[in-house]
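S.K.: Knowing the structure of chain A, use the given hints to seat chains B, C and D with the ligands on it.
Protein sequence lines, in the order shown, are assigned to chains A, B, C and D. Sequential numbering from 1 applies to the first sequence in my numbering. Sequential numbering from 1 applies to the second sequence in my numbering. Sequential numbering from 1 applies to the third sequence in my numbering. Sequential numbering from 1 applies to the fourth sequence in my numbering.
Honestly, the hints are just simulated from the structure, not real lab data. Everything numeric in this text was worked out from a predicted model, so none of it was measured. Heads up, the beta-carbon is just placed ideally off N, CA and C, and yes, glycines get one too. It cannot be assumed that every hint is accurate.
[To be verified] One side only, chain B facing chain A, incomplete, derived with CB under 8 Å:
#1 Asn-149
#2 Phe-236
#3 Lys-239
#4 Leu-240
#5 Trp-327
#6 Gln-410
#7 Asp-412
#8 His-413
#9 Gly-416
#10 Ile-417
#11 Val-420
#12 Arg-431
#13 Ala-546
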Amino acid sequence: MRCAVVVFPGSNCDRDAFHVLKNVFGLDCHYVFHGDTFPPNEFDLIVLPGGFSFGDYLRAGAIARFSPVMESVREAANRGKFVLGICNGFQILTESKLLPGALLRNKNLKFVCKDVHIKVVNNATPFTCLLERGQVLRMPIAHGEGRYFVSKDELKEDQIVFQYCDERGNVTEDSNPNGSFLNIAGMTNERGNVLGLMPHPERCCEEILGNTDGRKIFESLITYFVRRQEHEAN
Amino acid sequence: MRRIEDYGLSQKEYQHILETLAREPNDVEIAMISVMWSEHCSYKHSKSSLRRLPTKGPRVIQGPGENAGVVDIGDGLAVVFKMESHNHPSAVEPFHGAATGVGGIVRDVLAMGARPIALLDSLRFGDLSEPRVKYLFSGVVSGISFYGNCIGVPTIAGEIYFHPCYTQNPLVNVMCVGLAEQRHLKFSKAVKSGASLLLVGSLTGRDGIGGASFASETLSEESESKRPCVQIADPFMEKLLIEACVEAANLDTVLTIQDLGAAGLTSACSEIAAKVNKGVRIDLSRVSVREKGMSPVEILLSESQERMLLVVERGEEERVESIFKKWGLRAARIGEVTDDGFFTALYDGKIVAQIPAALLTQAPLVELDPTPVLLSPSCVELPMPRNLEEVFLELLASPNICSKRYVFEQYDHMVGIDTVVRPGHDAAVLRIKGTSKALAMTADCNPFYCSVDPYVGAQIAVCEAARNLIVVGAEPLALTDCLNFGDPDKPQVAYQFEMTINGMRDAATALNIPVVSGNVSFYNETEASRVHPTPIVGMVGLIEDASRICSASFKNPGDVIVLLGPMSDDQRLCEYTRLIHKIEHVLPPKIDLELEKRVQRCCLNAIKDGLLNSAHDLSEGGLAVGLAECCIFGGIGAVCELWNDSRADFLLFGEGQSRILVSLVEENLERLIQLAKNENVPIAVLGRVTGDRLVVKLNGRKLIDQPVRKIKEVYESSLQRLVNQ
Amino acid sequence: MRKMYRVRVQILPKEGVFDPQGQTVKGALEKLGFEKVKEVRLGKLIEIVLDAEDESQVKERTKAMCEKLLANPIIETYQLLDVEEVS
Amino acid sequence: MRKMYRVRVQILPKEGVFDPQGQTVKGALEKLGFEKVKEVRLGKLIEIVLDAEDESQVKERTKAMCEKLLANPIIETYQLLDVEEVS
Ligand SMILES: Nc1ncnc2c1ncn2[C@@H]1O[C@H](COP(=O)(O)OP(=O)(O)O)[C@@H](O)[C@H]1O
Ligand SMILES: [Mg+2]
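Here chain A stands alone, though its shape is the one from the complex (with noise of 0.2 Å):
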């Protein structure tokens, strides 16, 4: 699986990210910087990691979707290429509407940064394929913009990928981190191919960090692509 991780000026999760997919999965993992296009068949993941990609100070990832690199990512994921936006990244990627709705300032209007839970409620998508419906991971999240907003008819139910929880899967007011609307955690587009989540599974998929969590999204796709792979190819 050929990976590409999108690198904004401001992005600052953009190592972590391609440290992940290289090391630890030891995947063909290039940079691709946000004034550079790519063929739509040159990645079969793209990244677009979190940080403050042009600054953030008018609206997260606002500017950001006007970059020359986001017009590659759309095409890609016309295709059906694999897209990740994680954290900053699925803010870029509602303003770019490539996924519906938007992120908000959190509801206690604080930046926060510490581990929540989140529960599977789809599990047929490549991102969430190896996990079980309601199987709750633990994650790192930290943002200051994560309130997600969308209209109810905007929203299908099957695009709530993951959901913010408590310890043991309950969907509670306290368990809500940020305000979002219906505790949502990641969404993906109707395709089911681009998924934006606010925690970070990039943060925990080594040991030494304490929590392996994160490598389940990451084995998902693994497993998803060679499945598909095998199944083309028949």
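M.R.: Below, chains B, C and D with the ligands without anything else, positioned relative to chain A:
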């Protein structure tokens, strides 16, 4: 003669200028000199005292004298660090004051050619019940959060204390730690004449002009009006600077890098020149400005943030410029290094200033005039509280003891995915990718001890910082400091300062921990109040084997709980006497540097041998709070039985030094006892990790019996409650 | 002949989008004794100085800026407040 | 008789105070092809609905709110934009 005082220069200083120049300085020159000779830039009150600190060690690559200290950690790598204050700006505009403070110290680390990998913040505020204090506290914390999070450098440790002496004088000290390949480090000695000066980053505006002088004064009504235009933080610009500078530092043709801080271009250029006995010639018309009509003086003294100066081999400018361009930054060649030793500034083709660079960087030193202050008594008879369990809960909720989670959850402390031990423990730990190593870091200073006995207080600050590193399994490498005091011309302040330096010197020497960088902040006083002497010690330690990192949390039911160091009922100053008995003018705990050393060695060896499951330094709140923290972090209970005839309150809450609380499987106990014996360290078995309550008995009688869930709730919710009240 | 104009735009959270900033300000105002405050909404004010041929061109341009970048229609509404010629 | 009013206040960075937010937006607008933009300043817009006796009381109150809470006089200026009676 009025003009001299207007510039804040003394008659004597002016004479010195006349003699050196053999003429009158012009208006531009005198403005430059006056800012450079402010306390903030010149260290004129502190320089000679600072020379007493030990600065050498086998691992030290660079001690004080450059933008940041540098220490060898093997594998061709070096760790770079320094701490700095931004107290005065934060008192005026807490959000941007603190944010720009982060920016400033990051650029010092960047200037050495290192990538910033961690931030630590040491904060001091007045009583949180006051609205103004709440405003300052919230502003400072969100400013640090705003800046550090955006630039992607994790804020992984720090400390916060509250005391009325900081009401009008909040302290905001920030430490930055960087990592570099040794071959890419930048030092000023590489500067040669003919090399080009490239100014990069933000445009130069009128912001912050006179900031250095502002920080070198007591805050008053008058200084309110003299206030320089407040600096606004632009962390996105800083992020671009970080990426571009780290990339540029890989080039050998980039000879050195210098940040622009206080006194802007004047300071940066004269430092570059004076350190290698050279000169600089710069053309101010080439400086890109933000506002129309900026005068030469304004350009020379502007303290606009997010700018750096690169000294680049002649003819190699384009290569460097292209790196900056890639990151959307401008780089302007504003001049060159010369042989003549002069700082020459041109504007519109005319020379507007020409003075020896060394005159700017070497202000005449001011002798301190210390007057010894009588030390307070050591003992008082305090009544025994009726209910020690209530005292215990009150201590856990004290803002000086309780969890600072409310604060550090606003900081991204995981970006970079190296954070192995997160904030909240004794020291934070970062692994170093691609090696088996890890770095531990901490910042410490108990200002209450320092206020009563600055000598002992400073010793304890150094020892406690070292102990915090030891308990995670790290070998202390070196320290940086930020010395926050009142007006040094006042004899009591001068005395506090001198005693502090001596205390730091003695402890650092005893523990073999060199001082590699630091910062001094004087004039933290108003007419009404003055800060306690607050010498913050920042320390970095090395863990050779990252699989042997220890933490404070109790882990396994059945583990034995052991105290390394003396079972003490030290009846001196502690949070308990302050909070419960309202007594803060008694002597601080004693410290025995030899014992301290042995306790630390014993603990570190035990961790390295893999004997321990947890280790925790005992500090504020004493044994009881220490035990509670181990339980809270681990989410598990403990039962301890003490047998002792001393006073129960001081046994539980006294802050006797050189003590570490550890837990281990019973099989390892014999070996630990042997280690302690070898080092002549007192050791006592206190009890076991078990259940979900913390139970402490003295001579068979229960003093504390509380569910861990409850003490956790008290410990973790207290700060937020105080802020929201 | 080209002239300089200053235009001001306001951007507010859309009806139905929870506005915690406005709520917080309202709470703080009440705490300070301004109890008659019924509602507070917090948004952005953007002041733009630009070159154009006439006012109608200014308006058209500013509208385009809002739709493309300045406001996100999913969560915000924008409104041109005024246009003023400056020298 | 008490009436309801809606008042709008703008808060902008003070003259001479660096406005990186405005700068960034300006840069983005230029990149999008709006090259005629000379200056952008980014501030806050606050809309307050309150109870008062008359317009002058509204103005006086709002001014007090700005000075006490809404604007940070060290770096910002405020300006009342308009007052409107609402039902
Ligand atoms: N308290 C101190 N202990 C040791 N070194 C110090 C202390 N204060 C300042 N220094 C050193 O003096 C030099 C000048 O400090 P400073 O003016 O703060 O640096 P900068 O100009 O980079 O801000 C630095 O090398 C710093 O490490
Ligand atoms: Mg420096």
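S.K.: None of the hints should be skipped; say for each whether it holds.
M.R.: Here is what the structure says about each hint:
1. Asn-149: holds (6 Å)
2. Phe-236: Constraint on Phe-236/B satisfied, holds at 3 Å.
3. Lys-239: holds (5 Å)
4. Leu-240: Hint on Leu-240/B: holds, closest Cβ of chain A at ~6 Å, below 8 Å.
5. Trp-327: Status holds, d = 6 Å.
6. Gln-410: With Cβ-Cβ at 5 Å, under 8 Å, it holds.
7. Asp-412: holds (4 Å)
8. His-413: Check passed: Cβ of His-413/B comes within 6 Å of chain A, closer than 8 Å.
9. Gly-416: holds (7 Å)
10. Ile-417: With a closest approach of 5 Å, the Ile-417/B hint holds.
11. Val-420: OK, holds: Val-420/B within 8 Å of chain A, min 6 Å.
12. Arg-431: holds (6 Å)
13. Ala-546: Holds. Min distance 6 Å.
When held up to the earlier numbered hints, the structure conflicts with none and fits them all.
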